[in-house]
Amino acid sequence: MSTDIRFDLRLPIGLLFTIIGVVLVLYGMAGPADIYARSLGINVNLRWGMVLLVFGAGMLLLARRARGRE
Amino acid sequence: MASSALGPIDWAILLTYFAFVIGIGIVLKRGMKSSSDFFLAGRAIPGWIAGLAFLSANLGAQEVIGMAASGAKYGISTAHFYWIGAVPAMVFVGVFMMPFYYGSKARSVPEYLKLRFDEKTRAFNAVSFAVMTVFSSGISMYAMAKLMHLLLGWDFNVSLWVSAAIVLGYISLGGLKSAIYNEVMQFFLIVFGFAPLVFLGLRNIGGWDGLKTSLAVVATQGQATLGHAKDYNADAWTSAWHNMGTAGANPMGVEWFGLAMGLGFVLSFGYWCTDFLVVQRAMVAENANAARRVPLIAAVPKMLFPFLVILPGMIAVGLTANHVPGGFMIPEKIVAGAKVLDYDMVIPGMLLHYFPTGLLGLGLTALMASFMSGMAGNVTAFNTVWTYDIYQSYIAKDRSDRHYLWMGRVATVVGTLVALAAAYLAAGFNNIMDMLQLVFAFVNAPLFATFLLGMFWKRATGHGAFWGLVGGTIAAAIHHGLTLPYGAIAGIKGGWLTSQVVHLYPSEMAQNFWTAIWSWSCCFALTIVISLATRRTRSDEELSGLVYSLTERTDDRALPWYKRPAMLGLLILAAALALNLLFA
Chain L
1 MSTDIRFDLR LPIGLLFTII GVVLVLYGMA GPADIYARSL GINVNLRWGM
51 VLLVFGAGML LLARRARGRE
Chain B
1 MASSALGPID WAILLTYFAF VIGIGIVLKR GMKSSSDFFL AGRAIPGWIA
51 GLAFLSANLG AQEVIGMAAS GAKYGISTAH FYWIGAVPAM VFVGVFMMPF
101 YYGSKARSVP EYLKLRFDEK TRAFNAVSFA VMTVFSSGIS MYAMAKLMHL
151 LLGWDFNVSL WVSAAIVLGY ISLGGLKSAI YNEVMQFFLI VFGFAPLVFL
201 GLRNIGGWDG LKTSLAVVAT QGQATLGHAK DYNADAWTSA WHNMGTAGAN
251 PMGVEWFGLA MGLGFVLSFG YWCTDFLVVQ RAMVAENANA ARRVPLIAAV
301 PKMLFPFLVI LPGMIAVGLT ANHVPGGFMI PEKIVAGAKV LDYDMVIPGM
351 LLHYFPTGLL GLGLTALMAS FMSGMAGNVT AFNTVWTYDI YQSYIAKDRS
401 DRHYLWMGRV ATVVGTLVAL AAAYLAAGFN NIMDMLQLVF AFVNAPLFAT
451 FLLGMFWKRA TGHGAFWGLV GGTIAAAIHH GLTLPYGAIA GIKGGWLTSQ
501 VVHLYPSEMA QNFWTAIWSW SCCFALTIVI SLATRRTRSD EELSGLVYSL
551 TERTDDRALP WYKRPAMLGL LILAAALALN LLFA
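In the order they appear, the protein sequences are chains L and B.
Each residue of the first sequence is one higher than the one before, counting from 1 in our numbering.
Each residue of the second sequence is one higher than the one before, counting from 1 in our numbering.
Simulated from the structure, these hints should not be mistaken for lab results.
By construction, the Cβ of each residue, glycine as well, lies at the ideal position given by its N, Cα and C atoms.
Heads up, some of the hints might be wrong.
As the list claims (entries may be wrong) - Quick list of the computed label-pair ranges, beta carbon to beta carbon:
{"hint": "1", "chain 1": "L", "residue 1": "M29", "chain 2": "B", "residue 2": "K563", "range": "43 to 51 Å"}
{"hint": "2", "chain 1": "L", "residue 1": "R67", "chain 2": "B", "residue 2": "L417", "range": "51 to 59 Å"}
{"hint": "3", "chain 1": "L", "residue 1": "V54", "chain 2": "B", "residue 2": "A566", "range": "34 to 42 Å"}
{"hint": "4", "chain 1": "B", "residue 1": "G428", "chain 2": "L", "residue 2": "R67", "range": "34 to 42 Å"}
{"hint": "5", "chain 1": "L", "residue 1": "G58", "chain 2": "B", "residue 2": "A336", "range": "48 to 56 Å"}
Claimed, not checked - One-sided excerpt, in silico: chain L residues whose CB lies under 7 Å from chain B:
{"hint": "6", "residue": "V25"}
{"hint": "7", "residue": "Y27"}
{"hint": "8", "residue": "M29"}
{"hint": "9", "residue": "Y36"}
{"hint": "10", "residue": "R38"}
{"hint": "11", "residue": "G41"}
{"hint": "12", "residue": "W48"}
{"hint": "13", "residue": "M50"}
As the list claims (entries may be wrong) - Covered stretches of chain B, going by a simulated chain L footprint (3 or more residues, C-beta under 8 Å):
{"hint": "14", "segment": "95–107"}
{"hint": "15", "segment": "199–205"}
{"hint": "16", "segment": "256–268"}
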């Protein structure tokens, strides 16, 4: 694919979303529960954090697989 | 509006994002050895990355905020800016034009004009483009800093300088590649940051059915409750085509022909096919076929973006008109003594209304990301055009490559500083900025006629192209000066040429579309007439690779079907047609 094999963009993207995902999931689990009135009673930090985590981990996995093939 | 303070967790997310954008710049700096690395990203960008950057560079904060505002003002018809105002042009530039942009090895759009036509046509395009990018960058910086001040109480000057410094930092470190890589990251942040907004808003209003019912109220009772000029059919906000028969029947105030020709053809093709800001992203793909796929890859998410950026506006106006319990209400502002809805606050206001601390950090990061991607697009396009098309061509020829690499970094800094100055100018003299944007609109309107003739008619000459462009620009100005949108005062809105306006348009949008149509037609006709009257400036050999009839077709039969541009283009057009029918 790219001629620049030293830098796979999926790596930083995966890393960023994994970090944000973990932060949101942890905060959703351990943080205050009374802040979710505005999000219609849904713990969006936990739920959306999990989505971000899955996306981030998926990107990391793709980057890892690409590296393994070289 | 309740100005909610950011929690530490929100700051942590925002600062993590800042660290990543700068980090990407630092990592990429090691690869910046020549000016081609800096300006052309070494021409080694994979198709999917360039494709998402192509989209992201256009997805500035003004686009996100403006499209949501239009969603509230005009409903689903706003999607025309995507489904007929972008997708067909993106397919066209990918399938038909990219072979010439990429194949000619031109480093910029103005340089293509020089190769195809002559020096003066290039100069006209390069100078107007350079001035335009810097100023529009300044205008969006101003809008962003004002918003952050209003929303979060951040200091206007601090938000302005800090955000400019970050963009400047990652571009001067890693050049275009850094901008492109960050744009892809920003793309995902924008998608993941705004998607929960649509979800929560839809849930609040009672799903799609609830939205439809409440938008029927907006359409039929808007005059009494929302300050609309008149009432419309019940489906005016939820169907994109039903009410386009006459201009008076839809809130945009345009009729189907003006919409299809003005927006769908002239403005859309003029922007997506000739604006260096977006085309630059495709010109640096790793090979010719990847370059052709770039706009096509971008067209797929583009087609779906109305659901991300227009839907929140529709939800917001539905909530406001129906006073849904717990729902977001669009705030009011005072304009000339009268209370009007402040539609630009839809996206930022909804973020604050629905997102608890934590997710709010992500939402604000998305807003920041959209601002930065738009600004980076402007800055990278500016520094390339300045360095190659103005500095190297007219000021300092035949210097070393290192010198131009240095100049690129200087242009990045100076360009950003001029944009900052423009932001302060916008803050102090709003009408100067309105006037500048008007002039840019005149200059841009005829461009696509020049490129169309240049690429597909070998007889088009340099004199024809240049005077066609000048004529088209003047035609746009004259049309604007002779007409006025309904209810507007003569001046910046038009009608400044004569004491009696020649034609009244039902809306400003209709006037814009028809200005574009007139300007394009004049440029098209003038270029043909003058070309036939002048001698050819370029021989057949010189035009090889620049004009359709003199260029070998690229053979893509060896590629699998999903990599063939024509096949992809057809599929995308079919999907766009399906969306139009679905929401007709």
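Cross-check of the supplied hints:
1. Between M29 (chain L) and K563 (chain B) the beta carbons are some 44 Å apart, a value that agrees with the proposed interval 43 to 51 Å.
2. Under the hint 51 to 59 Å, the C-beta atoms of R67 (chain L) and L417 (chain B), about 41 Å apart, miss the expected range.
3. A hinted range of 34 to 42 Å holds for the C-beta pair V54 (chain L) and A566 (chain B), which are about 35 Å apart.
4. At roughly 52 Å, the beta carbons of G428 (chain B) and R67 (chain L) sit outside the given window of 34 to 42 Å.
5. Distance hint check: the CB atoms of G58 (chain L) and A336 (chain B) are about 52 Å apart, consistent with the given range 48 to 56 Å.
6. Restraint check, V25 (chain L) versus chain B: the minimum CB separation of about 10 Å is more than 7 Å; hint violated.
7. A least Cβ separation of about 5 Å between Y27 (chain L) and chain B falls short of the 7 Å threshold, and the interface hint therefore holds.
8. Using the Cβ-Cβ criterion of 7 Å, the hint placing M29 (chain L) at the interface with chain B is not satisfied: the shortest such distance is roughly 11 Å.
9. Interface hint status for Y36 (chain L): upheld, as the beta-carbon distance to the closest one in chain B is roughly 6 Å, under 7 Å.
10. With a least beta-carbon distance of about 6 Å to chain B, the hint placing R38 (chain L) at the interface is held under the 7 Å criterion.
11. Hint status for G41 (chain L) relative to chain B: violated, with the closest Cβ pair at about 10 Å, above 7 Å.
12. Annotation: W48 (chain L) was flagged as interfacial toward chain B, and the flag holds, the nearest CB pair being 5 Å apart, inside 7 Å.
13. The interface hint given for M50 (chain L) is broken, as the beta carbon of that residue sits about 12 Å from the closest beta carbon of chain B, more than 7 Å.
14. With 0 residues carrying a beta carbon less than 8 Å from a beta carbon of chain L, the segment 95–107 of chain B misses the three-residue requirement, and the given coverage is violated.
15. A stretch counts as covered by a chain when three or more of its residues have a beta carbon under 8 Å from one of that chain; for the segment 199–205 of chain B and chain L the count is 3, and the coverage holds.
16. With 0 residues having a Cβ less than 8 Å from any Cβ of chain L, the segment 256–268 of chain B misses the three-residue criterion, and the hint is violated.
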